[in-house]
Structures are given as C-alpha cells and as structure tokens.
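Can you build the whole structure from these sequences, using the hints too?
Chains A and B, in that order, are what the protein sequence lines are.
Using this note's numbering, the first residue of the first sequence is number 1, and each one after it goes up by one.
Using this note's numbering, the first residue of the second sequence is number 1, and each one after it goes up by one.
Keep in mind the hints are simulated off the structure, nothing from the lab.
Beta carbons are placed, not taken as given, at the ideal position from N, Cα and C, and that holds for glycine.
Honestly, I wouldn't trust all of these hints.
[As the list claims (entries may be wrong)] Covered stretches of chain A, going by a simulated chain B footprint (3 or more residues, C-beta under 8 Å): (1) 193 to 200; (2) 281 to 287; (3) 302 to 308.
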Amino acid sequence: MDLLYFTEQPMSAYDEQAGRDFGATALMFSNKHFDPKEGSRLYNEFIEQYKLAEEVGIDGIMLNEHHNAPFCMQAKANIFAAILAAVTEKIKIVMLGNPLPLSENPVRLAEELAMIDMISKGRLVSGIVRGGGQEQLAAGVNPAYNRERFEEAHEVLIRAWTEEGPIRHEGKHYSNRVINPWAVPLQKPYPRIWVPGVISKETIVWAAKQRYPYVALNTSIEQTKQIWGFYDSIAAEVGYEAGPENRGYLIQTHISDTEEKAERNARQFQWMQGEFTGLAHPVWSTPSGYSSPSNRRAFVEFAAGLKTNPRGQTTFEQQVDDMRIIYGTPDQVIAKLKIILEQTRPGILALWGNDGRVSQEDSLTCIRLMGQEVFPAIREIAKELDLKSPDEANAPVHLRYSTDLKKPVVAAE
Amino acid sequence: MPVEWKEAAHSVAGTNVRIKEAGSGAPVLVLHHDIGTPESLPFYDKLAESHRVIQPIHPGWGLTSERPEWMRSVRDIAAMYRMDLAAHGIEKAHLVGLGFGGWIAAEMMTMAPNDTGKAVLVGAMGVQPKNGYITDMAIHGYLDYARMFFHDASRFERIWGEPDGDMLENFDICREMCFRTAWKPYMFSHTLPNLLMSVPNRTLMVWGDDDRIVPAECADIYCAALPNARKEVVAGSGHAVDMEKPDELAGLIGNFLNG
Numbered sequence: 001m002d003l004l005y006f007t008e009q010p011m012s013a014y015d016e017q018a019g020r021d022f023g024a025t026a027l028m029f030s031n032k033h034f035d036p037k038e039g040s041r042l043y044n045e046f047i048e049q050y051k052l053a054e055e056v057g058i059d060g061i062m063l064n065e066h067h068n069a070p071f072c073m074q075a076k077a078n079i080f081a082a083i084l085a086a087v088t089e090k091i092k093i094v095m096l097g098n099p100l101p102l103s104e105n106p107v108r109l110a111e112e113l114a115m116i117d118m119i120s121k122g123r124l125v126s127g128i129v130r131g132g133g134q135e136q137l138a139a140g141v142n143p144a145y146n147r148e149r150f151e152e153a154h155e156v157l158i159r160a161w162t163e164e165g166p167i168r169h170e171g172k173h174y175s176n177r178v179i180n181p182w183a184v185p186l187q188k189p190y191p192r193i194w195v196p197g198v199i200s201k202e203t204i205v206w207a208a209k210q211r212y213p214y215v216a217l218n219t220s221i222e223q224t225k226q227i228w229g230f231y232d233s234i235a236a237e238v239g240y241e242a243g244p245e246n247r248g249y250l251i252q253t254h255i256s257d258t259e260e261k262a263e264r265n266a267r268q269f270q271w272m273q274g275e276f277t278g279l280a281h282p283v284w285s286t287p288s289g290y291s292s293p294s295n296r297r298a299f300v301e302f303a304a305g306l307k308t309n310p311r312g313q314t315t316f317e318q319q320v321d322d323m324r325i326i327y328g329t330p331d332q333v334i335a336k337l338k339i340i341l342e343q344t345r346p347g348i349l350a351l352w353g354n355d356g357r358v359s360q361e362d363s364l365t366c367i368r369l370m371g372q373e374v375f376p377a378i379r380e381i382a383k384e385l386d387l388k389s390p391d392e393a394n395a396p397v398h399l400r401y402s403t404d405l406k407k408p409v410v411a412a413e
Numbered sequence: 001m002p003v004e005w006k007e008a009a010h011s012v013a014g015t016n017v018r019i020k021e022a023g024s025g026a027p028v029l030v031l032h033h034d035i036g037t038p039e040s041l042p043f044y045d046k047l048a049e050s051h052r053v054i055q056p057i058h059p060g061w062g063l064t065s066e067r068p069e070w071m072r073s074v075r076d077i078a079a080m081y082r083m084d085l086a087a088h089g090i091e092k093a094h095l096v097g098l099g100f101g102g103w104i105a106a107e108m109m110t111m112a113p114n115d116t117g118k119a120v121l122v123g124a125m126g127v128q129p130k131n132g133y134i135t136d137m138a139i140h141g142y143l144d145y146a147r148m149f150f151h152d153a154s155r156f157e158r159i160w161g162e163p164d165g166d167m168l169e170n171f172d173i174c175r176e177m178c179f180r181t182a183w184k185p186y187m188f189s190h191t192l193p194n195l196l197m198s199v200p201n202r203t204l205m206v207w208g209d210d211d212r213i214v215p216a217e218c219a220d221i222y223c224a225a226l227p228n229a230r231k232e233v234v235a236g237s238g239h240a241v242d243m244e245k246p247d248e249l250a251g252l253i254g255n256f257l258n259g
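Structure below.
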C-alpha cells in the first residue's frame, strides 16, 4: 500500500472577515487580501512539513494546485514537486494532479515533469486532472472544451514521453509541429499516472479505460464503493480485473496527542465556509459546458437558487459519522481507517492531515504521529487484507502495457 | 390580426437549424441574442407586419436546437446563415442583428456585401471596446446576466416569464454555445473592423442608452469602420432594445429599411 500525506496548503493568514463581507472566497475575491510576507512564511512551513513526512517514513507527498483562492496556496504544483525532488531523497512525489486543460502547451508540461522525474531519480507519480471550474476561468481557458483539452493534452504528453522525436501533433486544441523534448522521464515506459476525482462518471470511465488508478477525493464509503463498482465494470469491459492497485482514497484525517485537540483541529477542515473550495458563485465552480450534460438541470436550478445543492451540504458531525472526517489519537484513527480499508480496499491511501488555521506545531505533530504510529499499523492491516499499491502489484502503467487482458484492447483510446 | 409564424428545419452544413418565418415583403433576417430568444416576441410580430421576417434559432442554442459539435466560431454561424439564404433563393435580405446576433450579421455583411440589403445592428457585439469591456457572462449567474439586459429589470419577467428549470437549462446551453464559439477573444473579432471598411451597405447602429452588456463606444467603432453607418440611441432601454422598446425599434427599422 502507498501511504501519502496531503495538505491543501491553506493560505490561513487571509482576512476572513473580508471574505465574508465580499460574500466569496474564490475567483473574484481580490488578491489584495493576499499577504506575501505570510505567504513566504507558510510556503516554508509546508516545506518543513514535507521534509518531516519523509523523515518519519511516509511513502509519498500528494501535491495539487488551485487558483485565485485562499483555500490552496499552490498555484503551480510542479514548482513544489521540483523543490521536493531536490530537498528529499526517497519519498514519492505524487501530483494529483496537473490540470491538463489549463496547459497551453502540453509539451512544456512533459518537459517539466520529465525534469522532476530525473532530478528526483524516478520518484514522480504524475497524476492528471481536468481542473475545477474556477481554475478554467482563472486561467482564461474555455470550460466548454475542458474534456477535449484534457484528453488531447494527455495524448500529447504520453507521445512526448514515449515516442522518439521529432514527432508532430496537430489536434483541435494543440498544435505542436515539432515535438522533440531533450528531457524525457527516467521511469519507463513513463511515470505512473493516477487520476483523482470526486465522482464525475466520465472521468471514472476514462481512467478505467486507461487502466490508471482512480483516487476518490474525500467521498463517503458508500460513494467510494459505487465508484469502484463502476470502475470495475468498465475494467471488465476492456478486459482486465480491477483491484486495490486501481483504487486510491483521500480522507481528511487529523491526528493528535489527545482526542480533544484532534477534534478542535479537525474542525478546521471546514474553515472554508460553503463548499470545500470556499464561498463561490456556483457558475464559477461549474461554468457552462464544464460538467456532464446529465447534471445540467439539477445544477442550473441550484445555481439560480431554485433548488438545493445537488452535491449536498453536510455538517461536521455528519462528515465525522460517515468517516469523511476522521480525528483522534493514533489508536482511534487506526481503528477507523481499518474499517475504511476493509470496506473499500484501496491500494493507495492519502491522509489530508492539516487544513485551515491548524498551527505549524500541531501540523508537525499530526505528520509525526501519522508516519510513526498510524501508517506502520495501516501497513500491517494492508498486508492482512492484501491491499497492494500499483508498484507492489506490478500493475501496468497503462492498459496498452497489459499482458493479462481477457480480450483484445478496443476501447483504450 | 395576429401574425402567423411557420417553422421549418433547414439542413445547413450537416445540421438541422430551426427557422421561423412570418409576413411578406422584403426579406429581413433577424438574429437573436447570446442568451437565446423567447419563442415569440412583440418585436418579431411588429416587424412581420411589413416584412418577410426570417428568424432562425442559432444552431445549438437551447433545448430545441440541434448542436453542431464541429462549430467553433461566430464566422461559422454567419457562413451557415449565408448558405441557408442562398439555398432558399433569398437574395439581398436585410439583416437585423440583436446583440450577439449583431456580430453574426456584421460577419455576414463582410462575406457578401452584394448579397446583403441594409443592416441594423442593435447593441452589437463583435468589436473590441477601447475603454471598457463587453460584460463577461461567465462570472454572472444566468438570471443576473439576463436581467442586466434590461434598463428596467422588472421587464425581464414580463418578457421571459417566471424562472423555471427549462428557462435556466436553456440559458445554460446558450451560454455553453457562446463559450464554444466566442470564448477568446471574448465576444469580438480582432479583424472585423478592418473587414468592415470595405462593406458599403447602409447600416443603422441602434443602442439602448443604458446598455450594460456592450459599451456604447462599440457603436462608434462600428460607425468609424463602416463607410455608410449612422447611430440612433434609444432612451430608457438597456441592451435588449428589442424586448424593452419593441415598437420604437420596429419603427426605427421600418423607416430605415423603407427610406
């Protein structure tokens, strides 16, 4: 099992009242409320957290990026990945992930990631995402072509990594008449790609068709089981049997010396009022053309205030009850994670440890307990349950490298 | 007497396009806004009293319109309408373009000035304002954006009715089509002003005096580019002059086309 530490890198030093007064903490919430002195302090604190994660034996650091919002300070995950490639020695650098549609040139992205893979001596997991709706608007990228761009950028990325140059790509969104990067990944055929998501059906189908692991982001146990069921059915259609090596799970989990302190800090998982990305207008988070047409009616009615949020809005207590938020001492956390592992059988487990205004001292304590007490126990449970990571299972990096397909590959691309 | 509208599906460039038609006389192609159009409008009826009004639903706009997946630009839409007019033997149609439809009309003029009658561009998108910006629908809610079309916001409900799921879904689909065809640059063409310099057709620019969608300076940019254009400003109207001041707009158009 791969065991990862994650933080959104919250910009906790922003003026919360200003966000409330403005009525939003995303996209259009002015960056005049961003204090670069505090930003500098926080970035360096996150580096300290990541270095500790390696010291205490955590397998990987999960990185992501968002834009125009205090809930996540990483504007370019590759920057942190490059830093970690140099300042750490053995921990996996897990991008979850690069928002492909935001890239105007996937070849440059291929070069950046190849450099990170070589500098880190092959520790890169190069996850990819569509990017949230607000990210499209923040980057000026057309949300109506989000999925087209995602799939085309993926094609360019993989070709740039695996085919001898010079080659040529001319598609709908990307035109690269000379692809010949003098930086290619160390890992062959290419660094593992994992695909995180919330529950978008199209993305689950796509990931399963590629045989890329799907990482469920803080979904409930029931939702997660539904995702696996769906993934498994697509896998069967394309000719392989999905297992733990195809499944990742991210859960908000804060660990502390005492239950009381753990609960207080776990409440910070709700520090962004509204949805997890903070307060935003629904048309920012789901611009037209961005999401599946099958969700259109429910969404537009919510966006205009005629209906409630189709994604649901749950309290802290409800999220604790259905184990989307876990907190406690190491023993308490292990007991709950054991249930999750038994019920959902992932081969990749990422703990979103710290959020909001959790102090650096408490964040470091959480990471230390995670690496020294919780994860060793989780590894034993994973062994008992035979939950293998993609590497442990020697899973193919992509469907096309499969040697166990039950029928010819027809639906991979 | 109520105006009788007929509707047909015309196959254009592999896509079925809804075309409504009423009235008789000189043909006038009326092109609707970015947010779509109600199924009927007093303005359309008024215009059909003295003209043969041809009123398409832009391809892909709304629940009842077939989406051309291939279509990527406003020039594509303009070319489709040009070809449809040609296929039906309609020559020298006058063009009335409303907002986004004004941009389509301007593109059509550049494609075939000799096959265009006169043109009326109302609050037309399509050219880049020098000082302001065309309002970015992407950051506004569906209803907020539609209400911004009006000087008097209470007119929104009178024209469109009470918001419901169908209305919102239509707005969302129309918005998606705007993104698919006019995302970057947003709602204008960098080359259109130059092309318009060689369009001799008589053109009337009409602007509401309270247009909060397209800055009024765009009327002047159009007038500077087009050799035979002039401007009329309608008092007490926002962007949707056709919905807020239908009689006045129809009157201006009638006088201009017949003059």
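Violated constraints from the hint list, given by number and in increasing order: The structure breaks only hint 1.
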